[in-house]
Amino acid sequence: MSPTILVLFICITAFNIDALLVYNTRPSIVESHTHGNLTNRFLNMGSSLFTGTTGTLKDKFGYGQMSAVTRKPRKPTSDTSPEYSESSIFGYKSKLSHFSEYSRRGLDRRKRIRRGLSDNRVIITHHFTERTVTPGGDISMQCSATGDRPPQFVWERDGVTMSSNTDPRYALGQVMTSDNSVVAQLNITRVRVEDGGLYSCTAREGDHSATHENRLDVYGPPYIRSLPPIKVQSGEPINLRCPFYGYPISKIDWEHKGKTINSNNLFQSRYKRNQSHTKKKTRRSISNIHGILTIPEVNKEDNGAVYTCIVTSPSGEMARRAFEIQVIEAPILEDLLLGNNLQEGQIVNIYCNVRSGDLPIHFEWLKDGKRIPSSLKVVERSSELFSALVIKKVSLEHCGTYTCVASNHVAKVNRSTELYIKVAPKWLEEPNNSSLLLGRRGAVSCSASGYPQPQVHWMKKDAMLGTWQPVLELAGGGILSLPNGTLIIEEVSLTDEGLYSCNVENGVGTPLSKTVWMSVNKPVHFEVSSTNVTSRLGHPVTLECRALGDDPIRIAWTHDGKNLDSSSHRAKHTESKTALGLTSTINVQFSEAVDAGFYQCRASNPYGTAAFNIFLTILEPPTPPSELRVESVRSRTAVVSWREARAHAKHYALQYAPAHYADAGWEHAVNINVTRKENDIRQTIELQNLRPATAYVVRVATGNEVGVSRYTAPIHLTTHEEAPTSPPINIQVEQTENPGELFLSWSPPPKDSHNGVITGYHIKVVPQNIGPVSDDGETRNVKVSQLSGKQETTISGLLKNTRYAVTISAYNSAGSGPFSLPVFQDTMEGAPEHAPSSVECTAVSSTSLRVGWQPIAIHGQGSSLIGYSILYATEDSVWHNQTSLHTEIYLQSLAKYTNYSVKVAGFSNYGPGPPSYPIVCSTLQDEERGF
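Just so we're aligned: the sequence shown equals residues -19 to -1, 1 to 912 in mature numbering (1 follows the signal peptide of the UniProt record, and there is no 0).
Keep in mind the hints are simulated off the structure, nothing from the lab. Glycine included, every Cβ here is placed at the ideal spot set by N, Cα and C. Warning: the hint list may mix true and false statements.
Label pairs and their computed distance ranges (CB to CB) [stated by the list, open to error]:
#	residue 1	residue 2	range
1	R663	R615	36 to 46 Å
2	A640	Q570	44 to 54 Å
3	E236	E175	42 to 52 Å
Taking lysine to aspartate or glutamate pairs in the EDC-like style, the calculated list, with each CA pair at most 16 Å apart, reads [claimed, not checked]:
#	residue 1	residue 2
4	K631	E659
5	K631	D661
6	K358	E325
7	K373	E361
8	K543	D576
9	K232	E298
10	K745	E773
Could you put the whole structure together from the sequences, leaning on the hints where they help?
Structure follows, in structure tokens:
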């Protein structure tokens, strides 16, 4: 094995990203080709040198890429350096010898590429672009691909596979990335003109592959690589791409028989990629499109034709290279010749004759699609035009499909035939006397070889009639004969016992027959596999094991995995035979706690073993649970839990009651039976329908089949408060002697609706006869504290002479309860709150005055105005008072020509209101009286 060289390098170029890769430069990555296949690889360079129906075309002059399917021009991408999708492979080998085989492989290869891509088995995810460089620099080309499995990369230049041995300046390698893609890189140091050409990277995984190709052009004079004669199959088209290098190139022409086949202005078309270049041509016309020479069909008369490629640079430098085409006819085979009615042991010859085709022709033989193994001792004899297989002593293992494959440089063809011989049946597996197990699946083998395939028939002798009958008809179901002759009984029964005959025949030689006896035995078994036994402590216990089956039966007991001591004075072990088997019994007179556990009765006989399991539980008087505690408390529920008792508990008895009841006894407690929850170390229950703000006591006892344990010490809990659920009762509202004041009295809500400690009351006082009001307006909300006994309070500052609706609610720390139904009451009427306005006084005579005023507005006064009180006095007299129901009054009998102070006040039933501001007026003199 050649050594593996690991090369670590960093490549930084103007056209590629930095890359840090580890490369394997082992030469084994180079493909090996034999028998003319190198020529095929040259023809297989996409629309390269020779293929007419597949491939892609993107020449270095900038023409659009030709699709492998539609062959329509396609614009390059918008990148500065155009990138193109997958394309076929173009190139050649330096040492080529044959042509036609190469052409055929090229077609097949592109089919595999397209199939791989369509199946998404291998996909090129990143690739290099077309490059134009100057000599002397370094360049790096990179491809990455992904597939079902990591693909392997192969690099080619003009169809020639490249490796690190191609040139010391070349370094190749590939590495797997974190996303399971494979990245391959080709680095060229000190680039030369001859490094130019069409480069391709091909990723292969099994039979699937994907390829990308692009040109690398190096500035320099034009040159054309040489090729040996190119072999192609007669009747096939070819496309010949000139394997040139050098840059720039202005024109590629082809010559044939001294005539030039011009290309269509390649130099100018470099900048016109969207132009369509189509040209009508006849079936035999030869065209030069984009420098690709296309011959639609080659015939035998074209053999030896020479085509010359001429490459011209803009400066006029020119390179020429002639290519010879050799046309080869594909081989045609006749039908294979094989004898009839062949018998085992005879000599067999199979002949493969060539009807036509160019030499040399290579022959290969296959059996059932594979190479013939040497163990069959088949001799192959071939000449130029035929091949024969010789089997000196034919046997059954030689039977199958034989294929003769004939190939020359351009094609591979084949013919197939079937080889069959007649072979008398021979035992492969001879049946023998068998012992079948009752209730189990039974199988008896009977198989033979031969050709045609022998048929196997099973017969059974009827014990009553003494005649042989087919087993499948006699059984009535449940029995079947497999294709290999094996007799299957799905579930063996006692009636299956008897004489059986296996008969084998295929019409060749003497049939085979063998008679065997099939016996049916009963393996030991139990009707059920397990049972549970429960007993109380100190009571007798009996464990019974009934084994069924044929003798002899042996029984062994274990307790918790340990062998049971049969000599123990506490346990008595007895066995008794029955018609169906054996019964084993263990008796314990006085059970103890240690007797509990897992018992196993294991029975065996020569035909099988079986086990019967007994789970024994010894019930002890239960012990109380432990760690009783309160988990959570709400206003009407509480969750309590406890740890399981050590004894086998079936259920728990829980009691709870209000604390004041429990102090006098548990007769009024609530009893709850709690079913034990399996696999829970702590048992939990939620107590429901409790009363808020109530102290409770809780206790638990354990119960099982034996009885109930004593109760645990009680635990205490107090439920949370809730808002009262009822309003206060006996609400009374009364007037007081003071206007705008009400006296309220009430009783607390019923005790069972307190739901906690009543800490106060909310009182809502709403006026009723003053129109719409808001809570922030005339409505009064008062908060009063809880008093002992009857509750009462006085609400002052209300509107006078106004009807109020009074409602009351109680509250505690949890919130307020509902308000009571409203109670209505009027406030006491008050005196007028305002004085009359616009008071005026006019002298009427020397002894009388007229006093007038504007009435007091009644709205909002909180009183019923009855009349007005008029107060008047001289400077030296006391105030005199007169009343009026109207808004004017005449004061009589006054002093003559005297000044009086006058003021007016309204009055109601409650009393007078504030007087107006005093005004002064004077009576008239006497002489005015006559007037």
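Against the structure, test the hints numbered earlier, and report the numbers of the ones violated in rising order.
1, 3
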